[in-house]
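A.B. asks: Okay, here's what each chain looks like letter by letter:
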Amino acid sequence: MPKITIDNKEVECRAGIPVLQAALEAGWDVPHYCYHPGLSIVASCRLCLMEMMMPDPKTKEMVWSPKLAPSCQTPVRDGLVVRFDSDRVRHNQDICMEFFLLNHPLDCPVCDQAGECYLQDYSYKFGRPYSRMMDQKLVNPKKDIGPRTLLYQDRCVMCSRCVRFTDEISGTNELCLVNRGSRTEIDVFPGKPLDNPLQGNVVDICPVGSLLDKDFLFKRRVWELTGTPSVCPTCATGCSIRIDHADNTIYRLKPRHNPKVNQWWICDEGRFNFKYVQDAKRIAAPLVRRGSETSCPDWNDLPQIIRFRLEEHVREKGDQTVAAVFSPFMACEEAWLLARFIRSVAPQATLVLGPIPMVGEDQRFPVGTTNGDAKFTILREKCPNRRGVGLVLTSLGGPSLEFEPFVEQCKKGAFSAAWIVGGYPTPWVSKDTAKIAEGFEFLIVQDIFENELMAGAAIILPACAWTEREGSFMNAAGILQPFDRAITPPEGAKRDGQFLFDMAGYSGLYMGDRVRAMMAADIPGFAEAYVPPPEPPFAH
Amino acid sequence: MASFEPVLLRNLGVENSRSVRVYESRGGYQAARKALKMTPDEVVEEVKKANLRGRGGAGFPAGVKWTFLPKDRTRTLLCVNADESEPPTFNNRVLMESDPHQLIEGTIIAAYATRAQIAYVYMRVEFHEQFHILQRAIDEAYAAGYLGEKIFGTDYCLECYVHRGAGAYVCGEETGLIESLEGKRGWPRIKPPFPAVEGLFRRPTVVNNVETLCCVPHIIERGANWFTSIGPPHSTGPKLFCISGPVNRPGCYESPMTITVRELIEREDMGGGMLKGKRVKAVLPGGASMGVLTAAELDMKMDFEDPRKYGLLGLGTAAAVVVDESVDLRGVLRNLTRFYGTESCGQCTQCREGTAWMYKIATRIAMDAGRLEDLDIILETSRNMGMMPGLSICGLPDGATYPIETLIKKFRGELEAAIRAQPPDRAERVLKVLN
Ligand SMILES: Cc1cc2nc3c(=O)[nH]c(=O)nc-3n(C[C@H](O)[C@H](O)[C@H](O)COP(=O)(O)O)c2cc1C
Ligand code: SF4
Ligand code: SF4
Ligand code: FES
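Residue numbers (my numbering), protein chains in the order written: chain A, 3 to 542; chain B, 344 to 778.
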C-alpha cells in the first residue's frame, strides 16, 4: 500500500487510485465535480486542484511545484507529497465557485436538488458569498430530454458525467455536448430521447440540479427525507439501494455504492418499482373463515388459531398432507421461521419454492456486452431471493417439491392443507394455479394483494412489501445482503417477520440479524451477510 | 539582409508552381529521395542538429519531439497541423497555395524519420480552395509513386489523407486535433499520456505544423549546418512572417529571424510602411495570442526568445497585426475577448467561464458603460486561468491571457480615460437594465 502525504499527514492508500480518491477515503473534503470513481477521468472541472512537491529542475531539491495539479488525474505513488490546505488551492476553489455561479439562475428555492446540491455545499464551504458579475446571465431554458428526466441547462456545471455515463456504462450514447465555450449544452439527438434502462443514474451522478427525475419533481424537499438502506427486490441482481421516505411515504429509491454488486448504479425498473407499496388495493387486515362465518381476528390471537387448526388437520389427515409455498420475495429469515413452524406441526410437510418470475432476457451494459465484461446486468429473474429461500428449504431437508409438480399434485388431491405466501408485486396466480384453491380443507394465503387462491382460503393474511420488512436476500451471485425496514405497513397489517417469529414460538422483537444468527447454527451459508462499506463522507 | 534568398517561398510566383512537374524541375523531391536512402534515425539526427523549432506556436524543437516516440513502437501516425486558426495568421495558407508539394515532401521525410505509415493533414474547414489544391497535389504524388506503396522504389510506404475540420480554433491544439480526427468533439485531452506515447487512435503520434514540415526538405538537402547559419542560434532557419492591418503591403514574407517588428512594418520588401502615413498605436506581433506591443516597443526581434523580454508569451505564429492611432482600444479589447470567449471549447471551468465573462465585460466597456474596476476584474480573471499555472487542460486560455493582460497593462491610461469620458451615470443605467 503506497503512503502519501496530504497536508502534512501521512496517508496509506489503495494502490492505483487517484490522489483525489485517496484524500476522500482518508476523510478530506476535496471539492470535485467531473471525477466519478465509476467513470473515466477527464480532469476538466479543475476544482480538485492541489499543490504537489516536485524536484526543482535545477537544484533537484523537492519544492512545491509552481503549477497546480488535478488530484483526480494524479495517481498515488509512494512518497508523493501534496497539499490542499494552501492559499493557492483555496484561491482556485474560490474562483471556480464564482465561475460556476456566473450564469447560474440561483433558483435554489424552486430546485429539487437544493439540500443535496454540490453547488450549494461547495459555494458555502469553498466559495464566496457574492457574485461580481454585473452583466446579463446566459438564459438557458429547461429541456425535456426524455420520458423520465428533465434537463435544467442553466444549472449545469458541465462536468460531463452524464455524457460519460451514457457512453461508458449504458453504452447508449443518447447524451451529447453541443455548442462551445460557455454556451456549451448537454443535449440529446433529435428524435433520440434519453431513454434507456439505466437512464435514471444520470440524475444521481449529476452533482447539481441540472438533471432531475420527473417522478420526484416538486414532490418533497430532500432534507425532509429519511434514507433507509435496502436491497432492490426487482431482479436477482440485488442492487444496494436507499429508500428515501417521509411521513411513511416512499418518495424515491436511490442506488447505494456496492463494489460487489451494482457499483454505483441501479436500473430504472428497480428505481421506480415502489409504487405498488403505496397501492390502495393492498390487503390490510387478516381474515378467518370457518364455514360460512368470517371474522377479523386480533393479530395476537392468530398464532394460536392457526396452530390449533393446523394441528387439528394433521391429527385428522396426517402430516404428509400439509404443504407450504415460499415466495422468492420472502426474506431468508421469514422463510426459515415459516418452515420451522410448519415442520414443528407437521414434520413431514412438503416445502415448495413458489414460482420464479422470468421476463425476457438478461440485459447487459454497456449495450452490446455479451461476456463477463458487463458493467451492469439486469437479470430476467425478477425476484430477489430465489437462492436464499432455496437454501433454507434444501438445508432443512425433508419432503420438497418444485412449484409446477406441486400444482399437479394438488390437482390430484395430494395436499389438503397449505400455507401459501405470495408477495409478488404483480399478479402471480395463473389460471392453472388458481384451480387448486378449491382442493384444500385448510388453506392459508398470505399476500400483498388479493389473489385467486383466496377464494378457497380459510385464513387470509396481509403480507408486507419489502420496504416494510427487515431481513436479508441472497442474490444471483450468492451474496447475502441485509435490508432494513423503511416504513410501517398499512394500518392493520403486521410485519411478516414479526408475525412468523411469533408463529414459530419465539417471544420478543423480530430482528433480522438475531434470526440470522439462529439460522447460522444450522446453515453456515447464513453466518455472514455482506454490507457494502460506506462511501467516504465527502465522495459523490 | 536583402541578399536573403527565399527558401520556403522560393516557388511563390513561379508559373504552375503547384504541379509536381514544375516542383521537380526546380529541385523538388530530391531531399525525399536522399532521406529515404538514410536511416530514419539519421534523418531525426539531422533535424535535431538543425534545431528546427516548431512553427505552430510553441517553438518546440521538432527533432527532439520525434525522439519522444517510444523505441519499441509498432505503428506511428503523423498529423500535419494545417488548422491555422490563429487570427491574423496565413503563412501555412500561402505555403499550401503556392507550393503544396513542398509540404508533401516534408511530410514524406518526417513520416519516414518517425517511421509513420499514415499521415493525416488536418485542415481548417475554411480552406476550401487550399483543400483542393493540396488534394490535387497529393493525387499527383500518388500517381508519381511518391506516396502510397514503395515510395521512390524503396520499401517505404506512406498513405496520406486530408481531413477537414469543422471550424474550431481549439482543434488546432494538438490533442483537440487528435480528438477531432477521431471523429469526436474537439476537446483537448489531458496529458499524460502525451501524443508521442498515446495519441491518435491511442497510437504514438507526432503533430507538426505545416511550416515546420516545409523546412524539413531543405534541412535534408542542404544540411543542418546551412540551416543553423540562418538567423540567431536559438531561432534558426528561414521563417515566414505575416503582416496585416493598415500597412501598405499586407502579406506573408520570408526572412531569417533577425528582423524587428519595425522592419516588418516598414521595410519596402515587407509591410512597406503605414498606410497613408498613419501612426502605429499597438502591434500584436505573434498572432492574437502572444500579447500586445506599444509603439515604443517595435524594436522587438521576431525570434523565439526576444518576445518574452516584452512581456509576451512568445513568437507565436509570427503574424503581426498593426493597430493604428485612430483605433479605440476598447474595440480591440472586445474583439480579442470575443475570440477566446467563443473559441474556448467549454471543458475547463476557468477557461469556459473566464473567457466568456471577460467578453461580456469588454462588450459593456465598448458600449460606453464600463467601470474602472472592470479592468481589474478582467485582469484578475485572466490570471485565474491557463495551462501554465496548471488551471486548464490546454494552452488556449494562456493565449487569451497574454493579449488581454498586456493590452490593459500597457494601455491602462488610455482605457481608463475612455471610461472616465463616458456619460456619468451610463454604467449604472446599463447595469440596471441588465439586471
Ligand atoms: C488553442 C491552440 C490552438 C492552436 N492552433 C494551432 C494551429 O492552428 N496550427 C498549428 O500548427 N498549431 C496550433 N497550435 C499548436 C499545436 O498545439 C502544436 O503545438 C503544434 O501543432 C505543434 O507543431 P510544431 O511543433 O510543428 O509547431 C495551437 C495550440 C493551441 C493551444
Ligand atoms: S447535466 Fe449534470 S451531470 Fe451533466 S454535465 Fe451538467 S452538471 Fe454534469
Ligand atoms: S483550456 Fe479552454 S480550450 Fe483548452 S481544453 Fe480547457 S476549456 Fe477547452
Ligand atoms: S478536475 Fe479533478 S474533479 Fe474535476
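No wet-lab data here; the hints were simulated from the structure. One should not assume that every hint holds.
[As the list claims (entries may be wrong)] Far from chain B, by Cβ distances over 12 Å, these chain A residues were calculated:
1) Met-3
2) Arg-317
3) Glu-530
[What the hints assert, rightly or not] Simulated pairs of lysine to any residue, SDA-like, Cα-Cα distance not exceeding 20 Å:
4) B:Lys-534 <-> A:Leu-41
5) B:Lys-534 <-> A:Ile-19
6) A:Lys-139 <-> B:Ile-533
7) A:Lys-69 <-> B:Pro-732
8) B:Lys-644 <-> B:Thr-603
9) A:Lys-256 <-> A:Lys-283
10) A:Lys-283 <-> A:Gly-320
11) A:Lys-69 <-> B:Arg-772
12) A:Lys-139 <-> B:Pro-536
13) A:Lys-139 <-> B:Arg-772
14) A:Lys-139 <-> B:Ile-720
15) A:Lys-69 <-> B:Pro-536
16) A:Lys-69 <-> B:Ile-533
17) A:Lys-216 <-> A:Met-135
18) B:Lys-377 <-> B:Arg-565
19) A:Lys-414 <-> A:Gly-320
20) B:Lys-527 <-> B:Val-468
21) B:Lys-775 <-> A:His-542
22) A:Lys-144 <-> A:Asp-89
23) A:Lys-216 <-> A:Tyr-278
24) B:Lys-775 <-> A:Met-135
25) B:Lys-775 <-> A:Lys-283
26) A:Lys-139 <-> B:Lys-775
27) B:Lys-624 <-> B:Asn-591
28) A:Lys-139 <-> B:Met-710
29) B:Lys-527 <-> A:Pro-107
30) B:Lys-775 <-> A:Tyr-132
31) B:Lys-527 <-> A:Ser-42
32) B:Lys-391 <-> B:Pro-575
33) A:Lys-216 <-> A:Arg-185
34) A:Lys-377 <-> A:Asp-109
35) B:Lys-644 <-> B:Arg-681
36) B:Lys-380 <-> B:Gly-370
[What the hints assert, rightly or not] Listed next, with one range per pair, are the computed distances between beta-carbon atoms:
37) B:Tyr-485 <-> A:Lys-60: 10 to 20 Å
38) B:Glu-757 <-> A:Pro-57: 39 to 49 Å
39) B:Gly-526 <-> A:Ser-397: 53 to 63 Å
40) B:Ile-720 <-> A:Arg-223: 51 to 61 Å
C-beta: ideal position from N, C-alpha, C; glycine also.
A.B. asks: Next, verify each hint and record whether it holds.
C.D. replies: Now the hints, each set against the structure:
1. Met-3: holds, 24 Å
2. Arg-317: Non-interface label on Arg-317 (chain A) holds, nearest chain B Cβ at 77 Å vs cutoff 12 Å.
3. Glu-530: holds, 42 Å
4. B:Lys-534 <-> A:Leu-41: Satisfied, since the Cα-Cα distance of roughly 18 Å is no more than 20 Å.
5. B:Lys-534 <-> A:Ile-19: Roughly 17 Å between the alpha carbons, so the hint for Lys-534 (chain B) and Ile-19 (chain A) holds.
6. A:Lys-139 <-> B:Ile-533: violated, 29 Å
7. A:Lys-69 <-> B:Pro-732: With a Cα-Cα distance of about 5 Å, the restraint between Lys-69 (chain A) and Pro-732 (chain B) holds, given a limit of 20 Å.
8. B:Lys-644 <-> B:Thr-603: Status holds; Cα separation ~4 Å.
9. A:Lys-256 <-> A:Lys-283: The hint is violated at about 26 Å.
10. A:Lys-283 <-> A:Gly-320: Outside the cut-off at roughly 37 Å; violated.
11. A:Lys-69 <-> B:Arg-772: With a Cα-Cα distance of about 41 Å, the restraint between Lys-69 (chain A) and Arg-772 (chain B) is violated, given a limit of 20 Å.
12. A:Lys-139 <-> B:Pro-536: violated, 37 Å
13. A:Lys-139 <-> B:Arg-772: Given pair Lys-139 (chain A), Arg-772 (chain B) holds - Cα atoms ~17 Å apart, limit 20 Å.
14. A:Lys-139 <-> B:Ile-720: With a Cα-Cα distance of about 17 Å, the restraint between Lys-139 (chain A) and Ile-720 (chain B) holds, given a limit of 20 Å.
15. A:Lys-69 <-> B:Pro-536: holds, 18 Å
16. A:Lys-69 <-> B:Ile-533: The hint holds at about 15 Å.
17. A:Lys-216 <-> A:Met-135: violated, 32 Å
18. B:Lys-377 <-> B:Arg-565: Since the Cα atoms of Lys-377 (chain B) and Arg-565 (chain B) sit roughly 11 Å apart, the hinted pair holds (cutoff 20 Å).
19. A:Lys-414 <-> A:Gly-320: holds, 17 Å
20. B:Lys-527 <-> B:Val-468: holds, 16 Å
21. B:Lys-775 <-> A:His-542: violated, 39 Å
22. A:Lys-144 <-> A:Asp-89: Violated, because 37 Å separates the two Cα atoms, which is more than 20 Å.
23. A:Lys-216 <-> A:Tyr-278: holds, 18 Å
24. B:Lys-775 <-> A:Met-135: holds, 13 Å
25. B:Lys-775 <-> A:Lys-283: violated, 58 Å
26. A:Lys-139 <-> B:Lys-775: holds, 13 Å
27. B:Lys-624 <-> B:Asn-591: holds, 16 Å
28. A:Lys-139 <-> B:Met-710: Distance of about 17 Å is within 20 Å: holds.
29. B:Lys-527 <-> A:Pro-107: Measuring from Cα to Cα gives roughly 31 Å; hence the hint is violated.
30. B:Lys-775 <-> A:Tyr-132: holds, 17 Å
31. B:Lys-527 <-> A:Ser-42: Holds, at roughly 16 Å.
32. B:Lys-391 <-> B:Pro-575: holds, 16 Å
33. A:Lys-216 <-> A:Arg-185: violated, 25 Å
34. A:Lys-377 <-> A:Asp-109: violated, 36 Å
35. B:Lys-644 <-> B:Arg-681: Distance of about 28 Å is beyond 20 Å: violated.
36. B:Lys-380 <-> B:Gly-370: Status holds; Cα separation ~17 Å.
37. B:Tyr-485 <-> A:Lys-60: 10 to 20 Å: violated, 50 Å
38. B:Glu-757 <-> A:Pro-57: 39 to 49 Å: holds, 45 Å
39. B:Gly-526 <-> A:Ser-397: 53 to 63 Å: Roughly 57 Å apart at Cβ, these two residues keep to the hinted range, so it holds.
40. B:Ile-720 <-> A:Arg-223: 51 to 61 Å: violated, 36 Å
Consistency with the previously given hints fails for numbers 6, 9, 10, 11, 12, 17, 21, 22, 25, 29, 33, 34, 35, 37 and 40, ordered from lowest to highest.
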